[in-house]
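Based on the provided sequences and hints, a complete structural model is requested.
Chain by chain, the residues run as shown.
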Amino acid sequence: MTPAPHKAPAGAGAAKPRLTTSAMIASIASEGQRTKPAPFGHALNALASEDARIVGMTADLGKYTDLHIFAQAYPDRFYQMGMAEQLLFGAASGLASEGFTPFCTTYAVFASRRAYDFIHQTIAEEDRNVKIACALPGLTSGYGPSHQATEDLALFRAMPNMVVIDPCDALDIEQAVPAMAAHQGPVYMRLLRGQVPLVLDEYGYSFELGKAKMLRDGYEVLFVSSGIMTMRALEAAKALEADRIDVGVLHVPTIKPLDTETILAACSRPGRLVIVAENHTVNGGLGEAVAGLLMREGVHPAFRMIGLPDEFLAAGALPTLHDRYGISTDALCAKVRQWLK
Amino acid sequence: MSTASIGHNISLERRAWNIRRHALLMGEVQGQGYIAQALDIADVLATAYFHAMTFRPDEPNWEGRDRFLLSNGHYAIALYAALIEAGIVPEEELETYGSDHSRLPMSGMASYTPGMEMSGGSLGLGLSIAVGKGLGLKRKGSDSRVYTLFSDGELDEGSVWEAIMSAAHFKLDNLIAVVDVNNQQADGPSTSVMAFEPLTDKLEAFGWFVQRVDGNDLAAVRDAFDAAKAQMGTGKPSMIIADTLMGKGVPFLEAREKNHFIRVEAHEWQLALSALDERKPS
Chain A
1 MTPAPHKAPA
11 GAGAAKPRLT
21 TSAMIASIAS
31 EGQRTKPAPF
41 GHALNALASE
51 DARIVGMTAD
61 LGKYTDLHIF
71 AQAYPDRFYQ
81 MGMAEQLLFG
91 AASGLASEGF
101 TPFCTTYAVF
111 ASRRAYDFIH
121 QTIAEEDRNV
131 KIACALPGLT
141 SGYGPSHQAT
151 EDLALFRAMP
161 NMVVIDPCDA
171 LDIEQAVPAM
181 AAHQGPVYMR
191 LLRGQVPLVL
201 DEYGYSFELG
211 KAKMLRDGYE
221 VLFVSSGIMT
231 MRALEAAKAL
241 EADRIDVGVL
251 HVPTIKPLDT
261 ETILAACSRP
271 GRLVIVAENH
281 TVNGGLGEAV
291 AGLLMREGVH
301 PAFRMIGLPD
311 EFLAAGALPT
321 LHDRYGISTD
331 ALCAKVRQWL
341 K
Chain B
1 MSTASIGHNI
11 SLERRAWNIR
21 RHALLMGEVQ
31 GQGYIAQALD
41 IADVLATAYF
51 HAMTFRPDEP
61 NWEGRDRFLL
71 SNGHYAIALY
81 AALIEAGIVP
91 EEELETYGSD
101 HSRLPMSGMA
111 SYTPGMEMSG
121 GSLGLGLSIA
131 VGKGLGLKRK
141 GSDSRVYTLF
151 SDGELDEGSV
161 WEAIMSAAHF
171 KLDNLIAVVD
181 VNNQQADGPS
191 TSVMAFEPLT
201 DKLEAFGWFV
211 QRVDGNDLAA
221 VRDAFDAAKA
231 QMGTGKPSMI
241 IADTLMGKGV
251 PFLEAREKNH
261 FIRVEAHEWQ
271 LALSALDERK
281 PS
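In the order they appear, the protein sequences are chains A and B.
Taking our numbering, the leading residue of the first sequence gets 1, the next gets one more, and so forth.
Taking our numbering, the leading residue of the second sequence gets 1, the next gets one more, and so forth.
In short, the hints are calculated from the structure, not lab data.
Here the structure is a predicted model, which means the values were calculated and not measured.
Beta carbons are placed, not taken as given, at the ideal position from N, Cα and C, and that holds for glycine.
Any given hint could be a false lead.
Just so you have them, the derived chain B footprint on chain A, three or more residues with Cβ under 8 Å [what the hints assert, rightly or not]:
hint: 1; stretch: 89–101
hint: 2; stretch: 125–131
Going by beta-carbon spacing under 7 Å, a handful of chain B positions derived as facing chain A [claimed, not checked]:
hint: 3; residue: A110
hint: 4; residue: S119
hint: 5; residue: S122
hint: 6; residue: L125
hint: 7; residue: S128
hint: 8; residue: G132
hint: 9; residue: K133
hint: 10; residue: L135
27 Å max Cα-Cα, derived DSSO-like pairs, lysine-lysine [unchecked claim]:
hint: 11; chain 1: B; residue 1: K236; chain 2: B; residue 2: K140
hint: 12; chain 1: A; residue 1: K36; chain 2: A; residue 2: K63
hint: 13; chain 1: B; residue 1: K171; chain 2: A; residue 2: K63
hint: 14; chain 1: A; residue 1: K63; chain 2: B; residue 2: K138
hint: 15; chain 1: A; residue 1: K36; chain 2: A; residue 2: K213
hint: 16; chain 1: A; residue 1: K211; chain 2: A; residue 2: K36
And the structure:
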């Protein structure tokens, strides 16, 4: 099922700008987009200035998760655990059991896949107050499956006690950080780092743990989305205005616990196509969570899901990959037009 | 001050014997349990709780206590026996061992049992948690120590070596680990499942203060805990490698063919108790 990278891509040799592999990207932002630098690191510093229990921990990825901002400001509250994710989370449990609030960072692939049992047993089962913030969520690296955390939401959704957050932009992240600390218990948050897009400030939005927010209303289509797909959905909604297609966007930054009330109310409006959009495999993420909710509650709108396919994704340049796997703004617009025909 | 406050004049020999007896009574309740391991580690637990550690029986979460992390959760029967002997768990609860709604499940979990500081069962977790607790205690300026017990089979787990490397890196001289080398794990003798010797050399190379003792020689175990405690201030974490004999204290179990899970027939629990009673120390 793996794509065939040895095949020359269509149009190879033609005079096109050459897109290079997007690796541990410093920004998911598109050209000219408004951004804010390192919202996670700065928000954590602000929190730490008021709460002496906050400590930062990483497994050799401080610079790549914006935790270096915290490490510079609070060197004595920063723990470099080495490239050892199992130790990172076990030790975080130990620090939490002594009354501290560790914010742990690594890449989402390593937390969700390598250290799963350690998080499950030492953090979730013991209900320790550990906050996990992980970079490179979903398809935000061009390095291939080793770095693409396409199943992290499904894995952490399945874990009892775990709260799961998929933020859209810099505003979401900087407001989520104090909300994570205010929640007593383990939290997993997907992290965008570096120059992070700033989008939601245009919508009078504020992050509330466990709350979905209607960013714009629309009569024909409702996107129910999380993470960077909310940014894409908003872009698609604007683009589709030209086609006189009226598109609403419901942002669901907390994947667990799901804001069932808001989602049910939004999906109950008659005659509106509901499209769940997520930067995650279609297996076990927001799409199936919403589908299950609607089915259980007897709410049956026309329903579609946009997400990553159930396969190991290719390496390459992100714009190419987002187009190929259907999570670019253009791909969203094309799907909406097709499904409304 | 240690537990000596409850029953001042009781010898370590008698404490260890009591722990073995509590464990056998729990094993009889369920007709199963890791009794051979409980018998082999009783001397270590008696020394930890009645010689080395500081705690308050009526206040198991007292901030000034030494922490004890049971990494090998299947040794819960042994730790419950020690917690009963220490007055942290009431003796009458041993009749509930492994039953519905009991605070004493077959595998140790933090939320079930007073004095149980972690959820074991998934092997190789304890040392990582111990590193975090050691860091946390130092952050708080506490002079409490973290004790952790794990089994020789856990040496196969990579995470154990991550924790061993980091404990030395962070100079956790408030950490005292005991590894029970009974040389028996699920699939056979531990050293044949995965060669971990020479263990002392390896651990010393990792920067630990290492002592290897006969884990069923109470005087040797006591001296080892004393020397480990004296490491505070040196920056070195301590490892006590305790070579133990499965079934210790019940001759017919000591002699039984070695296995990770030694079978005890229904009628043998009383025989084991009788054999132990014949060896009751003063």
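Quick rundown of the hints versus the structure:
no., hint, result
1, 89–101, "holds (count 12)"
2, 125–131, "holds (count 3)"
3, A110, "holds (5 Å)"
4, S119, "holds (5 Å)"
5, S122, "holds (5 Å)"
6, L125, "holds (5 Å)"
7, S128, "holds (2 Å)"
8, G132, "holds (2 Å)"
9, K133, "holds (4 Å)"
10, L135, "holds (6 Å)"
11, B:K236 to B:K140, "holds (19 Å)"
12, A:K36 to A:K63, "holds (16 Å)"
13, B:K171 to A:K63, "holds (25 Å)"
14, A:K63 to B:K138, "holds (26 Å)"
15, A:K36 to A:K213, "holds (22 Å)"
16, A:K211 to A:K36, "holds (23 Å)"
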